[in-house]
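Kindly generate the complete structure, drawing on both the sequences and the hints.
Number of protein chains: 2
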Amino acid sequence: MRDFSSDRRWLAINTATLKSWSLEQVIAGCSRAGITAIAPWRDIVQQCGVERAAKLIRESGLTVTCLCRGGMFTTADEAGRRAALDDNRRAVDEAHAIGAGSLILVAGGLPPGSKDLTGAHRQVRDGIAALLPYARSARMPLAIEPLHPMTAADRACINTLAHANDLCDELGDGIGVAVDVYHLWWDPELPRQIARSGKRILSYHVCDWLVPTRDLVFDRGMPGDGIIDLRAIRATVEAAGYQGHCDVEIFSAQNWWKRDPEEVIRICVERHQTVV
Amino acid sequence: MRDFSSDRRWLAINTATLKSWSLEQVIAGCSRAGITAIAPWRDIVQQCGVERAAKLIRESGLTVTCLCRGGMFTTADEAGRRAALDDNRRAVDEAHAIGAGSLILVAGGLPPGSKDLTGAHRQVRDGIAALLPYARSARMPLAIEPLHPMTAADRACINTLAHANDLCDELGDGIGVAVDVYHLWWDPELPRQIARSGKRILSYHVCDWLVPTRDLVFDRGMPGDGIIDLRAIRATVEAAGYQGHCDVEIFSAQNWWKRDPEEVIRICVERHQTVV
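So the sequences go chain by chain: L and U.
Counting in this note's numbering, the first sequence runs from 298 upward without gaps.
Counting in this note's numbering, the second sequence runs from 298 upward without gaps.
Please note: incorrect hints may appear among the correct ones.
When chains are identical, the list treats them as one kind, so a pair holds in a single copy or across two.
Lysine to aspartate or glutamate pairs mimicking EDC-like chemistry, simulated, CA-CA at most 16 Å apart [claimed, not checked]:
| hint | residue 1 | residue 2 |
| --- | --- | --- |
| 1 | Lys412 | Asp522 |
| 2 | Lys316 | Asp413 |
| 3 | Lys412 | Asp374 |
| 4 | Lys555 | Asp383 |
Keep in mind that the hints were calculated from the coordinates and are not lab data.
What follows is the structure in structure tokens.
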């Protein structure tokens with residue numbers, strides 16, 4: 298395992314962690330704190346303007362580990378499918394413009410009114426397959442991020458790394474996975490599936506699972522405040538060949554989003570050195 | 298698939314669904330409604346007194362599909378392990394006394410202060426192995442119930458039917474699984490794993506996954522109110538050889554637990570006939 302304790306090179310801050318800040322503020326704040334990489338969400342990139350965001354990021358010297366997020370392939374009809382494909386192509390363009398290492402894909406849940414999980418899985422596979430030629434021509438790697446099973450109905454019906462790996466096997470070059478410890482820590486198959494992912498691991502996200510967890514979406518913990526064995530999972534990911542950043546991504550409506558983002562960054566740095 | 302529309306023979310009411318009722322009230326209310334089977338929790342059996350509960354159930358003619366629940370094998374120390382084993386033996390006795398078809402086992406989460414998921418898995422396996430001789434001598438089948446991954450930290454670290462099936466393979470006779478659609482519906486492996494379970498399926502539980510879900514424990518839906526394809530899963534379970542009851546088990550602090558239990562039973566009967 299690499300020694301993270303002496304530098305900040307491998308810490309990236311996901312902009313969702315600093316919810317109240319604009320992209321301009323994230324860039325300035327992370328630069329001040331000696332952070333070298335960020336993982337922005339599309340909404341704040343768009344608010345900044347994609348070209349301006351690209352320019353600011355370039356000038357800052359920050360690495361962009363990934364762009365969050367494309368995907369949401371599951372739709373009720375053909376018009377929805379076309380709209381999703383168009384939007385995902387724009388996401389590829391945006392990721393390319395800001396120099397992101399990959400575009401994160403979140404599958405989408407069951408279409409409204411549907412109980413057809415197998416059909417939703419098929420829509421995700423077909424949606425990625427339709428997007429892939431465009432992403433390949435832009436040389437933008439797509440990273441399927443399996444989300445926690447508690448999101449299967451309304452956010453993402455790809456919920457295990459095994460399923461994401463199966464999709465990679467089926468779809469070929471240009472596609473990999475994002476490993477987020479929050480979504481995957483519980484899975485007894487995780488070590489085996491991380492090894493199977495190998496060089497396909499394009500992005501690695503950390504936060505923590507709190508006990509108790511009070512909300513299905515917005516109650517993630519700061520690394521070290523929960524029960525995930527972060528060091529063990531990172532060792533497994535690195536043993537599989539991953540040499541990229543640890544992106545700290547915390548959705549926390551009642552705690553971290555209410556704090557001063559400068560303080561949040563400071564604690565991210567500290568926890569990255571001590572527990573991630 | 299059996300035709301459930303013309304009778305109530307295969308509907309069982311889990312007492313957790315009628316939270317405000319004592320066992321005496323559940324027995325009387327279910328009998329009045331023409332329900333032929335119940336699945337009680339240990340707390341209300343103990344409140345009634347085990348011998349008296351056994352007598353009342355016998356006199357009512359009700360079938361007891363299963364007793365909820367033993368398990369909770371994960372502990373911080375040896376004293377905890379012994380206490381869990383003792384309590385599980387008492388649960389076997391209680392299940393035997395009331396003529397339950399099986400004793401449901403919920404694994405237990407991570408021990409307090411622990412991040413060792415693999416160690417917790419081992420404790421569960423060892424705990425069941427220690428209990429099995431006693432259960433076998435009482436001829437009481439043990440049903441491992443995998444719970445939703447969102448419960449892995451604090452309730453149950455066995456979260457997939459694959460994992461429960463693996464434990465059955467390892468531990469041999471006297472052990473099977475409980476399939477609860479709420480916990481397992483999202484798993485792309487579910488049809489394969491149900492087929493693998495086959496005759497090991499000792500108990501089948503239904504409710505529904507609501508969108509949105511507002512609480513990780515107490516926001517389950519009435520069958521038909523959510524997005525689970527109940528008919529499809531039941532067909533898979535029956536194709537695997539299961540010929541027992543459908544136990545309706547609904548934890549619902551904000552809705553069904555606030556209603557008149559007579560109304561809840563009436564709607565369970567209706568939904569059992571139309572959507573389960």
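Hints versus structure:
1. Lys412 <-> Asp522: Answer is between; shortest inter-copy Cα gap is 11 Å, intra-copy 36 Å.
2. Lys316 <-> Asp413: Classified as neither: same-chain Cα gap 34 Å, cross-chain 32 Å, threshold 16 Å.
3. Lys412 <-> Asp374: Answer is within; shortest intra-copy Cα gap is 15 Å, inter-copy 44 Å.
4. Lys555 <-> Asp383: neither (35 Å within a copy, 46 Å between copies)
Hints 2 and 4 from the earlier list are contradicted by this structure; the remaining hints agree with it.
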